[in-house]
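Q: Let's have the full structure, built from the sequences with the hints guiding it.
Taken in sequence, the protein lines are chains Z and R. For the first sequence, our numbering gives the first residue as 1, with consecutive numbering after it. For the second sequence, our numbering gives the first residue as 1, with consecutive numbering after it.
In case anyone wonders, no lab produced these hints; they're calculated from the structure. Small disclaimer: the values here were computed from a predicted structure and weren't measured. Each hint should be verified, as a subset may be incorrect.
Pair by pair, the computed Cβ-Cβ distance ranges are [to be verified]:
1) Arg86/Z - Val95/R: 32 to 42 Å
2) Arg89/Z - Ala4/R: 22 to 32 Å
3) Arg89/Z - Lys130/R: 25 to 35 Å
4) Ala83/Z - Leu142/R: 29 to 39 Å
Now the stretches of chain Z that chain R is said to cover, found in silico as 3 or more residues with beta-carbon under 8 Å [unchecked claim]:
5) 2–8
6) 15–23
7) 32–39
8) 43–56
9) 60–71
10) 76–83
Just so you have them, the derived chain Z footprint on chain R, three or more residues with Cβ under 8 Å [as the list claims (entries may be wrong)]:
11) 29–42
12) 146–154
We put the beta carbon where it would ideally sit given N, CA and C, even for glycine.
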Amino acid sequence: MSVPVSWYLMLSAALFAIGAAGALTRRNGISIFLLIELMLNAGNLALIAYARQWGTHTGQIIVFFVMAVAAAEAAIGLALFIAVYRHRRTIDVNRINLMRW
Amino acid sequence: MEIAIFAIFALLALGSSLVVVMHRNPVYSTMSLVVTLFSVAVLFVILGSPFIGALQVLIYTGAILVLFLFVIMLLNVTKEENTASTQKGQLGVAVLGAVIFGGLVLALFWSSHVPLDQMAPLSEELVSMKGLARVLFTEYLLPFEIVGLLLLVAVIGATVAARRPVLPDATSGLMPSDLVRTSPEEEPLP
Numbered sequence: 001m002s003v004p005v006s007w008y009l010m011l012s013a014a015l016f017a018i019g020a021a022g023a024l025t026r027r028n029g030i031s032i033f034l035l036i037e038l039m040l041n042a043g044n045l046a047l048i049a050y051a052r053q054w055g056t057h058t059g060q061i062i063v064f065f066v067m068a069v070a071a072a073e074a075a076i077g078l079a080l081f082i083a084v085y086r087h088r089r090t091i092d093v094n095r096i097n098l099m100r101w
Numbered sequence: 001m002e003i004a005i006f007a008i009f010a011l012l013a014l015g016s017s018l019v020v021v022m023h024r025n026p027v028y029s030t031m032s033l034v035v036t037l038f039s040v041a042v043l044f045v046i047l048g049s050p051f052i053g054a055l056q057v058l059i060y061t062g063a064i065l066v067l068f069l070f071v072i073m074l075l076n077v078t079k080e081e082n083t084a085s086t087q088k089g090q091l092g093v094a095v096l097g098a099v100i101f102g103g104l105v106l107a108l109f110w111s112s113h114v115p116l117d118q119m120a121p122l123s124e125e126l127v128s129m130k131g132l133a134r135v136l137f138t139e140y141l142l143p144f145e146i147v148g149l150l151l152l153v154a155v156i157g158a159t160v161a162a163r164r165p166v167l168p169d170a171t172s173g174l175m176p177s178d179l180v181r182t183s184p185e186e187e188p189l190p
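A: Okay, structure coming up:
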């Protein structure tokens with residue numbers, strides 16, 4: 001007896017909701033970044049579940065590319081946080097409002 | 001059997017992702033995200049994508065989260081004033097999460113026109129790395145090459161962005177601010 005795909009989609013939605021609610025309310029830049037990674041992973045879970053449903057490789061390929069882009073994004077984002085910390089001595093997103101209009 | 005594995009690792013993923021959101025110390029958040037991503041990797045394996053599960057463990061927990069831990073320790077940001085430290089704030093976060101979850105579930109199940117619980121049979125072609133590689137290197141060859149370029153650009157960009165802004169010239173010992181002046185000899189002597 002295998003697990004229905006809809007259960008995986010529910011789990012994916014729950015993980016995404018937890019990540020989104022956290023990312024909208026945390027103030028530490030690195031915590032927000034961690035929660036963005038969690039949301040990306042929830043999306044990956046949904047894609048793999050759909051790949052299982054249809055029996056095709058497309059979902060797996062997309063997840064492969066999402067992981068590569070997530071790695072690039074993490075490297076760039078953390079480098080930006082290091083640069084911001086050097087100038088402002090904080091990565092609290094409420095105090096990094098230089099570009100806010 | 002599959003249901004038992006699904007239940008264990010789904011609960012583990014949900015519990016540890018709640019710890020990621022609620023813990024005030026980013027180091028503990030990161031360690032708990034390791035547990036979440038590992039559980040999701042197990043779910044990838046039982047969904048018939050063992051290669052993607054292995055990539056998840058290698059790339060996410062092996063590379064990305066180690067990078068996060070490294071940066072957290074470099075910047076020394078272990079204490080954080082959490083917005084949701086009050087009872088009212090925590091209730092607000094919970095309501096926000098529930099609203100997002102409800103919207104996603106509505107979107108998933110009300111807008112889907114396909115029967116979700118009739119799965120295609122799990123074929124050898126789908127599970128094997130050979131089948132995945134054949135699709136990746138033929139049909140998706142151009143995106144694959146572009147991702148390689150993207151990673152190169154990301155490496156260069158990260159190096160430039162994290163560089164120390166004022167670098168003393170290693171060969172002459174001059175600072176860039178010294179290079180702005182015409183020459184040291186023209187300085188008026190005291």
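Q: Does each hint fit the structure? Answer for all of them.
A: Results for each hint:
no.	hint	in the structure
1	Arg86/Z - Val95/R: 32 to 42 Å	holds, 37 Å
2	Arg89/Z - Ala4/R: 22 to 32 Å	violated, 50 Å
3	Arg89/Z - Lys130/R: 25 to 35 Å	violated, 52 Å
4	Ala83/Z - Leu142/R: 29 to 39 Å	holds, 33 Å
5	2–8	holds (count 7)
6	15–23	holds (count 8)
7	32–39	holds (count 5)
8	43–56	holds (count 10)
9	60–71	holds (count 10)
10	76–83	holds (count 7)
11	29–42	holds (count 6)
12	146–154	holds (count 5)
In summary, the structure is inconsistent with hints 2 and 3 from the numbered list given earlier, while agreeing with the others.
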